[in-house]
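Position in the sequence shown counted from 1, then plus 49, gives you the numbering used here.
In case anyone wonders, no lab produced these hints; they're calculated from the structure. Hints are supplied without guarantee of correctness; some may be wrong.
What the hints assert, rightly or not - Each computed EDC-like pair below joins lysine to aspartate or glutamate, with the alpha-carbon atoms no more than 16 Å apart:
#1 Lys146 x Asp72
#2 Lys120 x Asp72
#3 Lys77 x Glu115
#4 Lys117 x Asp72
#5 Lys148 x Glu64
#6 Lys146 x Glu64
#7 Lys107 x Asp72
#8 Lys77 x Asp130
#9 Lys146 x Asp83
#10 Lys146 x Glu67
#11 Lys107 x Asp86
Unchecked claim - Label pairs and their computed distance ranges (CB to CB):
#12 Gln140 x Gly66: 24 to 30 Å
#13 Phe69 x Ala94: 24 to 30 Å
#14 Ala94 x Ala70: 29 to 35 Å
#15 Lys117 x Ala91: 32 to 38 Å
#16 Asn92 x Lys120: 38 to 44 Å
#17 Arg128 x Val71: 36 to 42 Å
#18 Arg55 x Pro141: 44 to 50 Å
#19 Ala94 x Phe126: 53 to 59 Å
#20 Lys135 x Gly99: 40 to 46 Å
Ideal Cβ positions, reconstructed from N, Cα and C, are used throughout, including at glycine.
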Amino acid sequence: MYAIIRLGNHQFRVEKGEVFAVDRIPGKVGGSVDVTDVLFTANGADIRIGTPTVKGAKVVVDVLKEQKGPKIRFTKFDRTDTYRRKLGHRQPQTLLKVKDIVC
Numbered sequence: 050m051y052a053i054i055r056l057g058n059h060q061f062r063v064e065k066g067e068v069f070a071v072d073r074i075p076g077k078v079g080g081s082v083d084v085t086d087v088l089f090t091a092n093g094a095d096i097r098i099g100t101p102t103v104k105g106a107k108v109v110v111d112v113l114k115e116q117k118g119p120k121i122r123f124t125k126f127d128r129t130d131t132y133r134r135k136l137g138h139r140q141p142q143t144l145l146k147v148k149d150i151v152c
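Please model the entire structure based on the sequences and the hints provided.
Structure (structure tokens):
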């Protein structure tokens, strides 16, 4: 069984027991979060497509930890001045584990 969920303007295909990272969401580490934006569920031949979400479906996820994503580096440069800057950014993320898919 799997589901397609929407979290923070991103869509994820998840299965029970899967671990995945999303942009930081509110929730305590060690707690659980109910995701009700379920767009699609499939259990063998039983397929449910939402318009826009599947009614009564939810995905329960555990919050494992909060972390930072990979470093993205970028530069600012002005050829007419002696202006050079090398900057970086690490996006905060939340690591989630799917506990249950209810549909």
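* To do: Would you check the hint for Lys146 and Glu64, treating anything up to 16 Å between C-alpha atoms as holding?
  => Holds, at about 9 Å.
* Asked: Does Asp83 lie within 16 Å of Lys146 when you go C-alpha to C-alpha?
  -> Holds - the C-alpha atoms of Asp83 and Lys146 are around 12 Å apart, at most 16 Å.
* Arg128 and Val71, beta-carbon distance inside 36 to 42 Å? -> The hint (36 to 42 Å, Cβ to Cβ) holds, given that Arg128 and Val71 are roughly 39 Å apart.
* Please test the hint of 29 to 35 Å on the beta carbon pair from Ala94 and Ala70. => At 31 Å between Cβs, range holds.
* To do: For the range 32 to 38 Å, tell me whether the beta carbons of Lys117 and Ala91 fit it or not.
  => The hint (32 to 38 Å, Cβ to Cβ) holds, given that Lys117 and Ala91 are roughly 33 Å apart.
* Asked: Keeping to a limit of 16 Å between CA atoms, is the pair of Lys77 and Glu115 held or broken?
  -> Status holds; Cα separation ~9 Å.
* To do: Would you mind confirming whether the straight-line C-alpha gap from Lys120 to Asp72 stays at or under 16 Å?
  => With a Cα-Cα distance of about 14 Å, the restraint between Lys120 and Asp72 holds, given a limit of 16 Å.
* To do: Could you see if the CB distance from Asn92 to Lys120 stays within 38 to 44 Å?
  => Hint holds: Cβ distance 40 Å, inside 38 to 44 Å.
* To do: Take a quick look at whether Lys107 and Asp72 sit within 16 Å of each other, Cα to Cα.
  => violated (19 Å)
* State, for the Cβ atoms of Lys135 and Gly99, whether the hinted interval 40 to 46 Å holds or is violated. => holds (45 Å)
* To do: Compare the distance between the alpha carbons of Lys146 and Glu67 with 16 Å, and conclude whether the hinted pair is satisfied.
  => Judged against 16 Å, a Cα distance of about 6 Å means the pair holds.
* 16 Å limit on alpha-carbon distance, applied to hinted pair Lys77 and Asp130 -> violated (47 Å)
Checked against the numbered hints given earlier, the structure breaks hints 7, 8, 18 and satisfies all the rest.
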